[in-house]
Amino acid sequence: MANSLKKQWDSLKGSQFYAHYRRSPVALLSSALLLIILFLAVFGPLFTPQNPFDLSSLDLSNAYLPPYPREGSDPAFFMGTDQQGRDIFSAIVYGSRTSLYIGVVGVLLCSALGIFLGVLAGYYGGWLDSLIMRLADIQLSFPSILIAMFLMSALGRGVGNVLIALMLVGWVKFARTVRGETLSVRKMEYVDAARVIGLPSHRIILRYILPNVMTSIIVLATMQVGTFILIEATLSFLGLGVPVTEPSLGMLCSDGFKVMFGGLWWVSVFPGLYIVVIVFAINLLGDFLRDELNPKLK
Amino acid sequence: MSEILRVENLTQQFRLDKSLLDKLHWEKGRITLRERVVKAVNGISFHVERGEAFGLVGESGCGKSTTARTIIGLNRPTSGDILFDGKSTAAMDKGERFALHKQMQMIFQDPYASLNPRMTVMDIVTEPILFHKLAGSRQEAEQRAYALLERVGIRPELASRFPHQFSGGQRQRIGIARALAVNPQFIVADEPVSALDVSIQAQILNLLMDLKEERSLSYLFIAHDLSVVRHLCSRLAVMYLGRIVEMGSREQIFEHPSHPYTQLLLAAAPKLTGSSIAGYEIPEKEMPTVLDLPKGCAFCNRCRYASPQCETELPALREVELGHVSACHLCGKK
Ligand SMILES: Nc1ncnc2c1ncn2[C@@H]1O[C@H](COP(=O)(O)OP(=O)(O)OP(=O)(O)O)[C@@H](O)[C@H]1O
Ligand SMILES: [Mg+2]
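Protein sequences, first through last, are from chains V and U. At position 293 of the first sequence (counting the first as 1) the number is 293 in the working numbering, and the numbers step up by one without a gap. At position 244 of the second sequence (counting the first as 1) the number is 244 in the working numbering, and the numbers step up by one without a gap.
Simulated from the structure, these hints should not be mistaken for lab results. Bear in mind that the values here come from a model prediction, so they are computed numbers and not experimental data.
Cross-link-like lysine to aspartate or glutamate pairs, in silico, EDC-like; alpha carbons within 16 Å at most:
1) K13(V) with E292(V)
2) K187(V) with D110(U)
3) K23(U) with E35(U)
4) K7(V) with D123(U)
5) K6(V) with D123(U)
6) K18(U) with E35(U)
If we take Cβ atoms under 8 Å as the criterion, some of the chain U residues that face chain V in the derived model are:
7) F98
8) Q105
9) F108
10) D110
11) A113
12) S114
13) L115
14) N116
15) P117
16) R118
17) T120
18) E127
19) P128
20) F131
21) F162
22) R178
Sample of chain U residues at the chain V side, in silico, Cβ under 10 Å:
23) K18
24) G73
25) L74
26) R97
27) H101
28) M106
29) P111
30) M119
31) H132
32) P163
33) G175
34) A181
35) V182
36) V188
We put the beta carbon where it would ideally sit given N, CA and C, even for glycine.
Put together the whole structure using the sequences plus the hints.
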């Protein structure tokens with residue numbers, strides 16, 4: 001298995017995809033941005049001046065500092081501080097952890113559900129297919145943010161509940177894509193060959209269908225991380241998302257919004273800009289992957 | 001000689017309108033309930049002797065692949081029976097049906113679609129060996145795979161590559177190795193060379209012939225033109241729109257074809273025998289489709305001998321000489 005993974009990797013390195021990746025400024029830029037973002041989220045707490053959500057580490061004498069290099073600013077708090085003396089850069093680093101966690105784990109959960117239902121619908125067809133796809137159609141006739149808001153008001157705030165809401169909102173896209181791809185892969189003669197060998201359905205699905213629909217799943221999953229970060233930010237901005245104890249970027253925006261017109265614009269704007277940067281980088285990478293791996297999804 | 005496969009009155013239909021809504025049609029001011037059914041195979045019977053290569057020939061869309069897929073078990077027959085080694089496959093229990101996968105294998109038409117692009121050649125060939133536990137260990141399975149690949153003409157050191165790194169002819173060889181991996185007795189080859197360059201076709205056909213002798217295989221060999229089966233098959237059947245219109249030994253079909261459609265096929269093939277009829281012109285008429293088969297002979301609107309009887313009455317297969325049957329009202333009369 002490890003051996004075959006290595007071969008897959010070698011063949012990827014020799015592939016057109018890798019050559020295009022190396023020559024694409026868009027792909028390289030977005031990868032670099034995402035690496036920085038991930039690095040900050042993972043290792044950022046090691047060098048932020050404070051834990052912004054540990055009240056004991058805050059100092060009110062640092063409150064109301066503007067961003068560097070404005071007059072009266074402190075280079076240690078180069079993005080400024082809020083009315084409680086909380087460093088905005090530290091808040092962004094900690095907030096991005098929650099946002100990224102929700103985006104990535106949410107996509108893992110909802111892709112698992114969507115792939116499972118999509119492959120069942122596409123491979124077995126019949127009433128199961130009709131049932132799953134009608135359900136998907138009904139859900140698609142409502143805007144996803146509306147469904148998420150509805151679910152969150154029913155479930156209450158919390159990281160786990162946001163994940164559940166995102167999973168229930170996002171599975172449809174995965175299910176539909178995977179079903180369509182499964183339908184076309186199922187017609188390939190190599191699947192017939194597997195059936196002629198006598199392989200059971202679960203093995204055909206795992207070894208023959210899923211590996212061949214993987215590329216479109218990867219493209220979709222990448223884009224969906226961005227979408228989920230935005231949905232989560234919206235929910236948190238509206239006070240329907242994460243709890244105050246685990247603030248995300250959206251929540252920071254919302255908190256800062258209250259003091260925005262008191263002149264402390266940086267408290268809200270910097271977290272907002274960071275969301276934009278994250279989603280932009282993810283979408284750039286997603287666009288590149290889509291163009292390279294699966295022109296059909298355009 | 002005993003027979004390895006017998007097909008009796010096999011029909012295969014596909015219902016196109018699966019849901020009730022699709023079946024409703026608006027006709028002459030009223031709604032009617034009518035279902036479209038593709039009649040791909042309509043009651044064909046033949047048998048394959050042990051050690052023989054039996055050819056099935058016909059133009060595109062006449063139901064050759066459907067026949068092959070039903071025999072191999074990819075479709076469930078609408079009606080009729082398939083007997084393998086004298087035993088009806090419909091009457092087999094689970095264990096017997098499972099064992100059938102080891103006895104009957106298939107070579108596919110499109111070498112670019114018949115190998116999983118995400119598996120190495122080694123994995124493709126060892127998959128059936130490991131699944132059917134024909135080797136004690138993975139190493140033993142790989143040894144067998146190497147031997148098979150070598151036999152079909154793929155250098156063993158290429159076994160760790162993926163299918164996209166091979167040419168069409170090489171891929172077809174890998175497909176043959178996969179089919180042989182379970183040591184089958186009977187192989188269905190569905191147009192195994194039609195997707196290949198003409199220069200490669202002969203190599204693959206020779207390989208199939210050699211393997212047949214070495215491993216005493218039996219073949220059901222499908223082709224859309226007669227020239228391919230000519231060197232390979234001892235007996236053959238000609239299909240037209242889901243029915244067998246003529247069947248006999250190679251000599252009988254090529255030396256004195258009886259059915260006008262067979263004669264047409266022979267004429268279309270680049271000058272094969274003295275008996276091919278030059279200057280046969282196909283009447284420019286619309287062919288019936290498998291969705292709407294005529295009551296009489298399906299070939300009659302392209303037939304230059306057609307009589308009124310042909311339009312109303314379906315011709316049955318009749319013996320024109322020993323072991324040579326033909327479905328034409330005019331057999332022996334013209
Ligand atoms: N699963 C299916 N559903 C509906 N129609 C089908 C199905 N499979 C085959 N058909 C139809 O049955 C007819 C016979 O098809 P088949 O593939 O057996 O022809 P063929 O003789 O193998 O042709 P070719 O030389 O092109 O391979 C065609 O009209 C085809 O469209
Ligand atoms: Mg075919």
